[in-house]
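Chemist: Please build the complete structure, drawing on both the sequences and the hints.
In case you want the letters, here they are:
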Amino acid sequence: MPATTEILKMRFGARWALSLAALVALTVGSLVGRHFVSNAPAPSATPPPAINGYVLENPRALSPATLVDDQGAPFPMTDFAGHWSFVYFGYTYCPDVCPLSLLELAAVKKRLLARMPDVAVRYYFVSVDPARDTPERLHSYVAYFDSDFRGLTGSIPELTQFATETGSLFLIPEGQDKDSYLITHSSNMTVLDPTGKLAAVITPPHEPENIATDFAKIVAYRSDLSGLEAGSRAPKAIAKSNASR
Amino acid sequence: MTRIVLASFLLALGGAAAAAGAPRVLDPWIRATPPQVTTAAAYLTLEGGETADRLTSAKTNVAAKVEIHSTMQHDGMTLMMPMEALPVPARSTVKLAPGAEHLMLTGLKRALTPGETVTITLQFEHAGAMDVAFPVVDARAEDHAEQHGDHAGHH
Numbered sequence: 001m002p003a004t005t006e007i008l009k010m011r012f013g014a015r016w017a018l019s020l021a022a023l024v025a026l027t028v029g030s031l032v033g034r035h036f037v038s039n040a041p042a043p044s045a046t047p048p049p050a051i052n053g054y055v056l057e058n059p060r061a062l063s064p065a066t067l068v069d070d071q072g073a074p075f076p077m078t079d080f081a082g083h084w085s086f087v088y089f090g091y092t093y094c095p096d097v098c099p100l101s102l103l104e105l106a107a108v109k110k111r112l113l114a115r116m117p118d119v120a121v122r123y124y125f126v127s128v129d130p131a132r133d134t135p136e137r138l139h140s141y142v143a144y145f146d147s148d149f150r151g152l153t154g155s156i157p158e159l160t161q162f163a164t165e166t167g168s169l170f171l172i173p174e175g176q177d178k179d180s181y182l183i184t185h186s187s188n189m190t191v192l193d194p195t196g197k198l199a200a201v202i203t204p205p206h207e208p209e210n211i212a213t214d215f216a217k218i219v220a221y222r223s224d225l226s227g228l229e230a231g232s233r234a235p236k237a238i239a240k241s242n243a244s245r
Numbered sequence: 001m002t003r004i005v006l007a008s009f010l011l012a013l014g015g016a017a018a019a020a021g022a023p024r025v026l027d028p029w030i031r032a033t034p035p036q037v038t039t040a041a042a043y044l045t046l047e048g049g050e051t052a053d054r055l056t057s058a059k060t061n062v063a064a065k066v067e068i069h070s071t072m073q074h075d076g077m078t079l080m081m082p083m084e085a086l087p088v089p090a091r092s093t094v095k096l097a098p099g100a101e102h103l104m105l106t107g108l109k110r111a112l113t114p115g116e117t118v119t120i121t122l123q124f125e126h127a128g129a130m131d132v133a134f135p136v137v138d139a140r141a142e143d144h145a146e147q148h149g150d151h152a153g154h155h
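Chains A and B are the protein sequences, given in the same order.
At position 242 of the first sequence the residue is numbered 242 (the working numbering), and the sequence of numbers has no breaks.
At position 86 of the second sequence the residue is numbered 86 (the working numbering), and the sequence of numbers has no breaks.
No wet-lab data here; the hints were simulated from the structure.
Careful: at least some of the hints might be erroneous.
[To be verified] Taking beta-carbon pairs under 10 Å as the criterion, some of the chain A residues facing chain B (in silico):
hint: 1; residue: 68
hint: 2; residue: 92
hint: 3; residue: 97
hint: 4; residue: 137
hint: 5; residue: 172
hint: 6; residue: 204
[Said to hold, decoys possible] In silico BS3-like links for lysine-lysine, alpha-carbon gap of 30 Å or less:
hint: 7; chain 1: B; residue 1: 65; chain 2: A; residue 2: 109
hint: 8; chain 1: A; residue 1: 178; chain 2: B; residue 2: 109
hint: 9; chain 1: B; residue 1: 95; chain 2: A; residue 2: 110
hint: 10; chain 1: B; residue 1: 59; chain 2: A; residue 2: 178
hint: 11; chain 1: A; residue 1: 109; chain 2: B; residue 2: 95
[To be verified] Here are a few chain B residues that sit away from chain A, every Cβ distance over 12 Å (derived from the structure):
hint: 12; residue: 64
hint: 13; residue: 99
hint: 14; residue: 138
Quick caveat, the model's predicted, so the values are computed rather than measured.
Even glycine gets a Cβ: it sits at the ideal position worked out from N, Cα and C.
Modeler: See the structure below:
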């Protein structure tokens with residue numbers, strides 16, 4: 001297997017390859033490195049569990065932004081609060097890996113409903129292709145995979161901010177045929193906690209059983225949340241309110 | 001009479017020899033399209049014949065273009081790499097599967113619905129053109145996921 005830089009070079013030319021590879025290193029480095037330099041007290045005394053990806057010792061707050069949901073309504077980042085979230089960045093023209101990932105996510109949802117029925121979880125497909133993915137198109141796309149899945153998109157600067165702050169990247173080629181251009185993108189299952197902060201990033205290869213197991217570890221690790229939730233709202237009530245949409 | 005029998009025998013033999021040399025197509029399928037979607041991916045397993053061959057191109061009348069693509073995962077990045085050709089070494093199995101090598105259809109002229117079949121013409125360097133019927137499959141079905149959906153073993 002050639003190095004990432006080599007692959008990127010083949011795909012995008014040398015200049016892109018270097019900046020992309022640097023960006024990957026920076027993004028991942030900033031996430032993983034964060035808890036080594038941060039002075040904030042860790043929410044848990046135990047080190048993060050090992051998963052296929054990484055769990056943040058200090059959950060990362062995300063910058064404010066207002067995305068658009070698949071009904072065309074504004075979706076402020078604060079709407080990620082109140083439930084756990086799986087976030088997948090992709091686009092509807094993506095022929096192979098996006099349908100596959102959404103099928104896997106649907107399988108994950110089934111498992112989590114059976115195993116952790118009291119934990120409120122929502123599933124978001126974030127299109128990084130706002131030029132082609134209208135809310136209407138997004139809605140019919142995500143609903144095809146699961147009627148509970150939600151589609152989000154937004155402006156490129158906001159999507160870039162959201163993606164990079166959660167350790168994902170995407171690259172839209174310029175000057176290509178509108179009907180067939182392909183976007184290179186991260187294929188992570190990003191996990192946000194019920195306060196809307198980045199809790200973990202599950203990296204490919206994805207397998208529903210492993211993702212469900214990793215998610216259970218992530219929830220168990222964040223024992224700080226039960227205290228937090230108990231202080232304001234009962235977790236049960238949250239689960240119930242989210243179940244009805 | 002004998003000559004005719006002999007001729008047909010030789011013909012049959014010739015056919016068998018060509019078949020042994022050509023790659024064999026197993027388990028072709030194409031994913032049904034979600035609403036409004038104009039791209040699709042098709043998958044199959046190729047069994048190399050007695051001699052090495054290469055899949056050099058593919059076409060179908062339901063899409064503007066068919067390309068041989070490879071989905072690669074590197075550091076969590078998903079890269080779709082067009083492949084000039086897909087080598088099919090002699091007596092070996094090459095699997096095109098979700099999350100890995102696939103035939104990418106773009107500019108679909110219509111929706112692909114489960115139950116129908118789509119003919120894709122595969123062009124091999126040595127074996128020539130081969131029409132293959134790809135059943136359209138609803139990948140959401142559980143039994144299908146078990147049969148085809150597992151791509152954890154790739155890479």
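Chemist: Next, verify each hint and record whether it holds.
Modeler: So, going through the hints one by one against the coordinates:
1. 68: Violated: closest Cβ of chain B sits about 17 Å from residue 68(A), beyond 10 Å.
2. 92: Holds, about 6 Å.
3. 97: Holds: closest Cβ of chain B sits about 5 Å from residue 97(A), inside 10 Å.
4. 137: holds (5 Å)
5. 172: Residue 172(A) check fails; min Cβ-Cβ to chain B is 13 Å, beyond 10 Å.
6. 204: holds (5 Å)
7. 65(B) - 109(A): violated (35 Å)
8. 178(A) - 109(B): Distance of about 16 Å is within 30 Å: holds.
9. 95(B) - 110(A): holds (28 Å)
10. 59(B) - 178(A): holds (21 Å)
11. 109(A) - 95(B): holds (28 Å)
12. 64: The assertion about residue 64(B) is violated, with a minimum of 8 Å to chain A.
13. 99: violated (5 Å)
14. 138: With a cut-off of 12 Å, residue 138(B) comes too close to chain A, as the shortest Cβ separation is near 10 Å.
Figure legend: structure checked against the earlier numbered hints; hints not met, in rising order: 1, 5, 7, 12, 13, 14.
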